[in-house]
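Heads up: the protein sequence lines correspond to chains A and B, in order. All letters in the first sequence, in the order written, are residues 0 to 258 by numbering that gives the first Met the number 0. All letters in the second sequence, in the order written, are residues 0 to 435 by numbering that gives the first Met the number 0.
Okay, derived cross-link-like pairs now, DSS-like style, lysine-lysine, Cα gap no bigger than 25 Å in a straight line:
{"hint": "1", "chain 1": "A", "residue 1": "K197", "chain 2": "B", "residue 2": "K431"}
{"hint": "2", "chain 1": "B", "residue 1": "K373", "chain 2": "B", "residue 2": "K431"}
{"hint": "3", "chain 1": "B", "residue 1": "K416", "chain 2": "B", "residue 2": "K122"}
{"hint": "4", "chain 1": "B", "residue 1": "K388", "chain 2": "B", "residue 2": "K358"}
{"hint": "5", "chain 1": "A", "residue 1": "K197", "chain 2": "B", "residue 2": "K122"}
{"hint": "6", "chain 1": "B", "residue 1": "K416", "chain 2": "B", "residue 2": "K358"}
{"hint": "7", "chain 1": "B", "residue 1": "K125", "chain 2": "A", "residue 2": "K197"}
{"hint": "8", "chain 1": "B", "residue 1": "K409", "chain 2": "B", "residue 2": "K373"}
{"hint": "9", "chain 1": "B", "residue 1": "K314", "chain 2": "B", "residue 2": "K387"}
{"hint": "10", "chain 1": "B", "residue 1": "K211", "chain 2": "A", "residue 2": "K64"}
{"hint": "11", "chain 1": "A", "residue 1": "K84", "chain 2": "B", "residue 2": "K125"}
{"hint": "12", "chain 1": "B", "residue 1": "K132", "chain 2": "A", "residue 2": "K84"}
{"hint": "13", "chain 1": "B", "residue 1": "K240", "chain 2": "B", "residue 2": "K304"}
{"hint": "14", "chain 1": "B", "residue 1": "K358", "chain 2": "B", "residue 2": "K387"}
{"hint": "15", "chain 1": "A", "residue 1": "K64", "chain 2": "B", "residue 2": "K257"}
{"hint": "16", "chain 1": "B", "residue 1": "K409", "chain 2": "B", "residue 2": "K357"}
Treat the hints as calculated values from the structure; they're not laboratory data.
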Amino acid sequence: MKYAVLSNGNLEGSQRRLGASLLVSFGVLLIAGIGLAVGTRDWRQEEQVYPVIAEAGNFADLFEKTEEYNFDPPVPGSYALPPLKQAPDGQVLDFVGRETELAGLLKGKISLVSFVYVLCSDENGCPIAMSTLFNIHEASAELPALRDDVQLVTISFDPERDTPEAMASFAYPVLSDAEKESKLDWRFLTTSGNRALKPIIDGFGQAIDRSGDEDVINHLLRMYLVDRSGRIRNVYGLGMIDPRLLMTDIETLMMEEVS
Amino acid sequence: MKQLKNKLAAGFVALFAFGTTPVIADETCQSPYMPKITGQEEFVYVWTLGEAGVGDESDKLVTVDVRPESDSYGKVIASLSVGGLNEAHHGGFSADRRYFWAGGLDTNKIFIFDIHSDAAKPKLHKVVDSFVKDSGGAVGPHTFYGLPGRMMITALSNDKDHGGRTALVEYTNEGDYVATYWMPTAENPQGAKIDSPVVDGFGYDVRALIRKNIMLTSSFTGWSNYMMDFGKMLKDEAAMKRFGQTVVQWDLHTRQPKKVMHVPGAPLEIRFPWGPNSNYAFTTTALTSKLWLIHEDDEGEWHSKPVADIGDPSKVPLPVDISIAADDQHLWINSFLDGMTRLFDISDPHAPKQVYEKKIASQVNMVSQSWDGKRVYFTSSLLANWDKKGADNEQFLKAYDWNGKELIEKFSIDFHKEGLGRAHIMRFGSSKLYSS
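With these hints in hand, go ahead and build the complete structure from the sequences.
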């Protein structure tokens, strides 16, 4: 139950700025965290050499098959992920407000990039992405060497409300995790405004649509797999956000590098 | 690991517009990755073949206003000619539903229309004219199936012999080539399990069941047949042997063929149901006039079997387009040569039964229904060289209401009188998908 304890504590500490909407978002994480099931294999007992896939079995084995994804994932390395295009560059802000180039952050590691906005409460939107990434983040403790090669990147498409401070609150459960050094880096980013944001979401192809309700930003759930060279290698939508598929694709990219 | 409950229930609910109301929606036969129109469609886009002696004689995207309260309801409100004849045929939206991709089976050109800037007046965004070269020899871009960030396109033929051997070809949403996946053949099954006496390597439609990581493709015929005069082809014994007999099961994620199933008689459109536990699909065979079920057994193995006749197969009615209802209970089946539409009760997918039929015109090809099933649209053209001749060459878009018992005509547009051409595939549009 360590995930339940962790999530409760984080919830208490994260209510300050974003109130109810944040509770909704982290409620999802809490539900997902409680249900987290990881494999029984003791990865730490095994030799951790790059790539961690050596002797390690499949990354996807960290997760169980579910009704939503009712199939066995493919064998990693048995298929190709042809490059789609170069991920865009742009100026982003981390949760303490430091400005940096997105391309620089992406370079050198395989990244799972997601776009969210903190106020999103649509069950088919950001919460799915966040709960899945949260579960991958938690499970990555079983593969501590993986943090050298893989990172999670979450970018807000609501820069006016998702200030660096707001992102820090949003990310509190992760940033305050006592075990975060053994898990994947998870970068929570925003931008200085819509002008800085536009080339980034346009470059990825993340369509957003501001409705008449200013609290709602309509969007299609998308997640992107970016390789170490900054090339987009896969795009995921609703129905594909299966942690086993995501991890299998990551493993496939790593196998490609050493083949 | 526990996932959010119900996230895939009720179909794949999209997040675009209609205020804050989620939008789900021919609507019933589209890529599940795509935002849907569950309410009233505003526009019907008709990818139309140019025809000698009709208007500018060029292919065009025709926009029809179907807003019931509009002064121009049932009228053509836009017509965008692309210049020239391409054998305009099928098309599909990108998964974000901002662009409509439409192909030419003869010239291999792909026209990408922007439908989001002004849903009432599409504009030509880009033309891809390198399909054959990009793909390494695939010919005849047919089905356009939107996947996140990319477009999966089935081809019908190849540039070596213009026969039916062909491939799936993938492009990015920007129209840049990604990859080619050749259909499995007897010589190169690519690891696929073979459950068919024929492994033809032909292609036609593609559809996916994401929850099972399954993709299915069907098989038609190559350029040498679909560009031949229909009457001439029927008398050509060799040509009549060059039709597809297979459905291929693919791994959706890896794009690898897993199994080749025997479905003789040119299986065309593929439709998966929307139910969260429905592990099957329907297709119809043009030459044998049968409805086929592609289904998963209790061991997870996929099979094919004929489950119903469509009309009188001995009269070769030539089944063409099909449209499944959102509740998976009914299936509209058009047949070209007798101009009929038939409604089948598919509540038991293993034993479908015809419950209604109506003659639409001398010929009919495509059928599209609204998400609620209350509105059904029909168009006329099959292929330029296969359409009927003379007075039987009726070209139209017809709109009906379906009240559960009969089709009631709401309007009909004569594509000849309007100077448009041969009406082929329809797709629905709505400005409410794009609220900004």
